[in-house]
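Residue numbers (the numbering used here), protein chains in the order written: chain A, 1 to 192; chain B, 1 to 122.
One or more hints might be untrue.
What the hints assert, rightly or not - So the derived label-pair ranges between C-beta atoms look like this:
1) A:D43 / B:R109: 27 to 37 Å
2) B:N94 / A:N171: 42 to 52 Å
3) B:P23 / A:E16: 28 to 38 Å
Unchecked claim - Covered by chain A, per the in silico footprint, the following chain B stretches (three or more residues, Cβ under 8 Å):
4) 22-33
5) 104-116
The hints are simulated quantities; they were obtained by calculation from the structure and are not laboratory data.
Don't be surprised by glycine CBs; every beta carbon is placed ideally from N, CA and C.
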Amino acid sequence: MPPPPSLSKVLASAVEDANTKVMRMSSDRIELHSTGMHTVPLDEIGGLLGGETTHVVGVGMTLARDPLLRYLMVMTPEGRRRIVLPLVGEAALDDPAMMESVLEEMGNILGSTLANALATSLGRDLRTGTPELIADLAGAILSSVVGSLPDVADPVPLLDVSFRADGEAANASMFLFFEASLAEKLCLVRGQ
Amino acid sequence: MPEVLIVDDALFMRKLIRDALEPLGFVVVGEAANGREALERFSELAPDLVTLDIVMPEMDGLEALKQIRMQDEEAKVIMITAVDQRDAMLTAMNLGVADFVVKPFEPERIVSAVEKALGRVG
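Assemble the whole structure, with the sequences as input and the hints as a guide.
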């Protein structure tokens, strides 16, 4: 029997699936690719995003409850601008509600494909929550996520993704937070 | 020209659908962000067709579909669904939905669904 796929392969495959959907929605103007996965100690995450006082925007989504599994995608406001522009045009840059709606939809696509990929690996259906928009200092966001998760597993898987929108790159970081009780199952699928 | 009511809680999705339809001559007569608003607009505007998201706050798309069809049994409704909403799709079929469009979709897909529902495809 072949070994289960590694977590990095599962997540990379999810991003490829999400890429198909993003390209479809954007009439091929936006592509999405993963550029690498690694794990990060919880107390170093704030520093990775340019510092705990860096302003970031993003989307969070609960992928599973009991035990809890959440994903969080964060990027800079400039990155969001680069994604929004080809989808809804210049006028939307002055429309905060539209900018938020675009990011929410991107977050929804990523969250649902992650949930599908992880459901297969975890051997259970995952019922996702609705996307939650985030705009705050990196340190505050991460503290809030960790605070809402009892017994969060440490280190945290981090997937670097890159959106390419009309030739411009917008990088984002995707974190996967989960209760420590889930770590063993996810570690089992690491296959490393 | 055919008049369309767009119902989706996501502002961006409403814009995507509008941007796909308007250049081809469809008239977007109104938008709604939940099922309750959808029923109000439907009564006011009597559109030729409704595009209707399933998951929405206050009143979801299935309940809105049911009540729209009760108001007008000839009402043409296209449901916008996510791929994992098979049960909802089955319910919608039984309620007389004209077609489904799975999101995220290419603009051409929503256009072809609308044209087909309105009998504009030869």
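Item checked: Earlier hints that do not hold, by number -> 1 and 4
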